[in-house]
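Going down the list, the sequences are from chains A, B, C, D and E. In terms of our numbering, the first sequence opens at residue 1 and continues consecutively. In terms of our numbering, the second sequence opens at residue 1 and continues consecutively. In terms of our numbering, the third sequence opens at residue 1 and continues consecutively. In terms of our numbering, the fourth sequence opens at residue 1 and continues consecutively. In terms of our numbering, the fifth sequence opens at residue 1 and continues consecutively.
In short, the hints are calculated from the structure, not lab data. Hints are not guaranteed to be accurate.
Covered stretches of chain D, as calculated for chain B (at least 3 residues, CB under 8 Å) [as the list claims (entries may be wrong)]: (1) 33–46; (2) 57–69; (3) 113–121; (4) 128–136; (5) 185–197; (6) 229–242.
Have a look at the derived ranges for each label pair, beta carbon to beta carbon [as the list claims (entries may be wrong)]: (7) Glu-89(C) - Asp-70(A): 46 to 54 Å; (8) Gln-150(A) - Glu-89(E): 21 to 29 Å; (9) Asp-39(A) - Glu-122(B): 55 to 63 Å; (10) Gly-151(D) - Pro-67(C): 54 to 62 Å; (11) Asp-208(E) - Lys-206(D): 16 to 24 Å; (12) Glu-253(E) - Pro-33(D): 51 to 59 Å; (13) Pro-33(C) - Pro-35(E): 40 to 48 Å.
For each residue, glycine too, the CB sits at the ideal point set by N, CA and C.
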Amino acid sequence: MLPDADAAITRDGKALILAYDHGIEHGPVDFEPNPETADPERVFDLATHDAVTALAVGKGVAEAYYPSYDDDVSLLAKLNGTSNLWMGEPDSAVNWSVEYAAELGADAIGFTLYGGSNNEVEMAEEFRDAQEAARANDMGVVMWSYPRGQGLKNDTSPDTIAYAARLGLELGADIAKVKYPGSPEAMGEAARMAGPTKVVMSGGSKTDDRAFLETVAGAIDGGAKGLAVGRNVFQRENPEEILGALEAVIFEEASVDEALELTSASAVADD
Amino acid sequence: MLPDADAAITRDGKALILAYDHGIEHGPVDFEPNPETADPERVFDLATHDAVTALAVGKGVAEAYYPSYDDDVSLLAKLNGTSNLWMGEPDSAVNWSVEYAAELGADAIGFTLYGGSNNEVEMAEEFRDAQEAARANDMGVVMWSYPRGQGLKNDTSPDTIAYAARLGLELGADIAKVKYPGSPEAMGEAARMAGPTKVVMSGGSKTDDRAFLETVAGAIDGGAKGLAVGRNVFQRENPEEILGALEAVIFEEASVDEALELTSASAVADD
Amino acid sequence: MLPDADAAITRDGKALILAYDHGIEHGPVDFEPNPETADPERVFDLATHDAVTALAVGKGVAEAYYPSYDDDVSLLAKLNGTSNLWMGEPDSAVNWSVEYAAELGADAIGFTLYGGSNNEVEMAEEFRDAQEAARANDMGVVMWSYPRGQGLKNDTSPDTIAYAARLGLELGADIAKVKYPGSPEAMGEAARMAGPTKVVMSGGSKTDDRAFLETVAGAIDGGAKGLAVGRNVFQRENPEEILGALEAVIFEEASVDEALELTSASAVADD
Amino acid sequence: MLPDADAAITRDGKALILAYDHGIEHGPVDFEPNPETADPERVFDLATHDAVTALAVGKGVAEAYYPSYDDDVSLLAKLNGTSNLWMGEPDSAVNWSVEYAAELGADAIGFTLYGGSNNEVEMAEEFRDAQEAARANDMGVVMWSYPRGQGLKNDTSPDTIAYAARLGLELGADIAKVKYPGSPEAMGEAARMAGPTKVVMSGGSKTDDRAFLETVAGAIDGGAKGLAVGRNVFQRENPEEILGALEAVIFEEASVDEALELTSASAVADD
Amino acid sequence: MLPDADAAITRDGKALILAYDHGIEHGPVDFEPNPETADPERVFDLATHDAVTALAVGKGVAEAYYPSYDDDVSLLAKLNGTSNLWMGEPDSAVNWSVEYAAELGADAIGFTLYGGSNNEVEMAEEFRDAQEAARANDMGVVMWSYPRGQGLKNDTSPDTIAYAARLGLELGADIAKVKYPGSPEAMGEAARMAGPTKVVMSGGSKTDDRAFLETVAGAIDGGAKGLAVGRNVFQRENPEEILGALEAVIFEEASVDEALELTSASAVADD
């Protein structure tokens, strides 16, 4: 963790990362609830919303779309990822070199580490190379710290998530993206373990507005520094509305009730 | 996917790739129906047909023949491939460096990815290196996206083919070559999932003219941007005829009936 | 072992290394007895104590905190380490390149070797690269020489610890950190086997002051050149007190009784 | 396959390669029938015979002897090879870099590929590196194309040998050395599959003069471009005689009867 | 094998290598019969004896002691070695780069190859890199050629040792160190198989003076070019005496009886 290395993908020290790596990780099935979400252009448009501090995509998507959004979107280059056509011990291919990500204008790199996997050692060494190359290119570093493997039954227990957050600090991430450990207190403990590394909560699957915002608000109160979200935003019919509400909760200290009021207002007004 | 990176191997945004990697993938058995097809010169001659936008061959064949066809054929360097003498979990050797392919004058690279194989992670990382080297050499990138492995029973289901096409986009291919998923609708869905990455249908084994052209026409109508074909062309006695018909269907919006009429005309007239 | 290569992390030829790699090796559970110890700043403050000749931390912790302590703390860059979420045959990821450690101002590198593990050969070769890069950067080399693996039942027997110490010499470490083999005599034998490579005893888990100091004093008398300690210092309420006592025993030839008297005096006076 | 790349190890488009890699592949047992054959000098002397277009040896033998024969022998650097002390799935160590072979004055490289082995992918990639390095150093490329592995029962069937020959072409060999598939027709089919890549027949174990020459003559008539031979020459008492006869059959279109007459003449007269 | 590459570690074409890699290969147990032998300085002193043409040690020992003996001892850098804490299929870690060995002033490299091990292919490729780097640095190459592995029952049979010696020649060693195959005749056969590569016999465990000298004399008569010895020298109370006797047998054509007379004379007189 280097102070300010994540400045280009944060706002007032907090982050709202729009994650769009479902096409590789899960495939088209994730776009079925709202078929338009298969179109990256729609998600890039969403990422221009003021609430969004960074958009996480893979190399091919960035090649095709980022040149048109260079001025309006901060690019978080998700370096590794693997299809779920394959079902072995958790692992992830490094599909993108840091040097090429820098060439395309990326502001930061994103990297998944499956702590506890039989592939943890190899993945950690790949992360090392990526992290140090990011430093050489003045890019921030975000770790998807997701303990997973044959030795891990419940990968969202408070202890596991706190360990995951700490790994972010120890290994040199500026931001650690972790699963929600079930309570604001547990999220706070994870944030405390990560020290100066910012912990952002992973958005998980789609829920209703109030439940989602309350979880996010609780996480922020607990000590999380933001949210990384995908389906919970882009699968909605009016994703701008929820972005406006999230902006209020994360960056403007609004209550959930105040934020919910925004969801009936025009999302366009937020832009 | 980089806009226009595949310009040298497409025509009006569509592709008809003549694939000739059977000698390594299947061995001489594929030439038995028409023994003359073992001779690469015959296939290079075919590739000079106007219908053909690129010829995919391995390194040794390119070394021997491409210098004589440099002006008339666009070379798609098929980088990886493996004999079927070996029968383990799907994998493919990288037999050709991008740098040497560029030196020989190749216009694009071709690379097989067996998504779902236990070797997917390693293959994806080899693809990464090849894709980025292709970018550095201004060459287009074609992925043979062929899900295959112990976790995959039916590798031509619409869901699998749509996922295969999407992997082409996510990982940075300009063109994704996929198996035919059984219907024009399913091919269209695959094309939609690939967004700006062009999806071309794989030609499969030899069928009669009408059945073949109808499948191709349906795929094009569905959204495919062309065809990659091997045996279905070069095993015929008059392969120029079917190339003429394919040209009509793919590039000239001809109906299957109109195209079939060409198969009785002189193929030479097409050149 | 190169004469004087460890000068920056020793004092009069002896070492008291404060080790703080528990966040990666064991996770937050190691901080539970004293939750404040999760905060690296507290440990960096401790490391400014005169008794401490070097602080061993991982890359991310060093990135965040070392710039503020550059003048007052000697940095021992602990290069490898792995979470205990993973439970395979002992192995350790190299999380930090020597070059980047040098860039951050590290004075020496620390590296774990699990002799006897099925991964011994690979780890030894990683150590080779790190050791030679340390030489090129004028940094000292400390080996955590910890025999461990399926072939090793009791990894603190005198024979095993003597072998561990000898491996430090043979492979080129300036300092070998080994477990306490149970008696001052066995520690002395280990030190004799390491020849000019300094052997420091690993602090182990927390015990009471007298027992701890007597073990350390015995080890020093036996021939050990110091101590590497973590929990036994930082988990205490007044860690400065025990550091003062250790300083007396290790560097000032004080008896245990004399040193224990210091534990009631102000640790601040030692600074 | 690059036209003329093998000019230094062929004569009128044909090759008689003297292979002397038995010391590594089989060990001293291969020298027992004629103990003098253990002495490389004797084989280098033989290789000065006009009939021999290249001598294939390993690195250590070349280092010791080739400087004295530089003017009179064309060196085929056999890059890989492995002892038969080891009995796992077929594999071969790369014992010699192309760069060092070039430095020693080698005219071409030789490389074994065990198609069908579980190690085929790795071996093919090692061949790629060697082949491209040979191109960069203007050296010819000879593949020992020997299908072998757990999936292959009969490795000299016509289909397997034809596939082996084709792999030589596809992967970029100038010459493919294959086992004799049992008949001149099968050898001709293999040669046809290899196209411009020259197919040479592997000499096999020692037989009587007429049988040997008839097999060679048949292979040449079938389409083979020569012979690679070891024991069948150097284990004889008067190896120059059989070299003279082979020269007649391979390069001078002599009948077997005519060639056999030479075996009673002085071999010295051939030099 | 390059003529004269081993000049710095031989005398009149013969070698007496003092090997001192027991600390890594076997651990302190090898020093127990004579505890002073744990001290490398004692062995470096021994190596200044005129009889000794080279001293083989690991990197860490060389770093610490060789600078003081640079003028009086020829350094044979033993590059690989592994503890016997590990008990898998024979393998050996490369603990020392050739470049760093050259920087420390080494005259030659030593490298163990376990022919017949499942790791033979990998070890041979590591040997290749080391051997060629040695050539680039004008250093001699000594192979510890020790067939060992699951396929090998009796690793000192004449056939196995002859094969081991031949591997030294084939792979490019200047000197091959092999186990004693049981008789002078078998040693001679091994030497003959190695051709210009010098074969030296490995000293084995400690025996009485006459038996040891007779074995050595027989080996030399048989064709061996010297001896590599460790425990059989340094475990003795007066190791200089036996060195004097070995010098007489190996370099001065003395009979065993003549040599034995020297063992009662002052070894100091030999210096």
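Hint check:
As drawn, the segment 33–46 of chain D meets chain B at 0 residues by the rule of a beta-carbon pair under 8 Å; below three, the given contact is violated. For a cut-off of 8 Å, the count of residues in the segment 57–69 of chain D with a CB near a CB of chain B stands at 0, and the three-residue condition is violated. Counting residues of the segment 113–121 of chain D whose beta carbon lies closer than 8 Å to any beta carbon of chain B gives 6, which meets the minimum of three for the stated coverage. Taking a C-beta to C-beta cut-off of 8 Å, the segment 128–136 of chain D contributes 4 residues in contact with chain B, enough for the three needed, and the coverage statement holds.
For the segment 185–197 of chain D, the stated coverage by chain B is satisfied: 6 residues place a CB nearer than 8 Å to a CB of that chain, which reaches the threshold of 3. Requiring three or more residues with a Cβ within less than 8 Å of a Cβ of chain B, the coverage given for the segment 229–242 of chain D is violated, as only 0 such residues are present. Here the CB-CB span from Glu-89(C) to Asp-70(A) is close to 47 Å, well matched to the stated 46 to 54 Å. In this structure the hint that Gln-150(A) and Glu-89(E) lie 21 to 29 Å apart at CB holds, the actual value being about 25 Å.
The hinted range of 55 to 63 Å is not satisfied by Asp-39(A) and Glu-122(B), whose Cβ atoms lie roughly 31 Å apart. At roughly 59 Å, the beta-carbon separation of Gly-151(D) and Pro-67(C) lies within the given 54 to 62 Å, and the hint holds. Between Asp-208(E) and Lys-206(D) the CB atoms are about 49 Å apart, so this pair departs from the stated range of 16 to 24 Å. One distance hint, 51 to 59 Å for the beta-carbon pair Glu-253(E) and Pro-33(D), is violated here, with the actual separation near 35 Å.
A hinted range of 40 to 48 Å holds for the C-beta pair Pro-33(C) and Pro-35(E), which are about 43 Å apart.
Hint compliance for this structure: hints 1, 2, 6, 9, 11, 12 are not met, and every other hint is.
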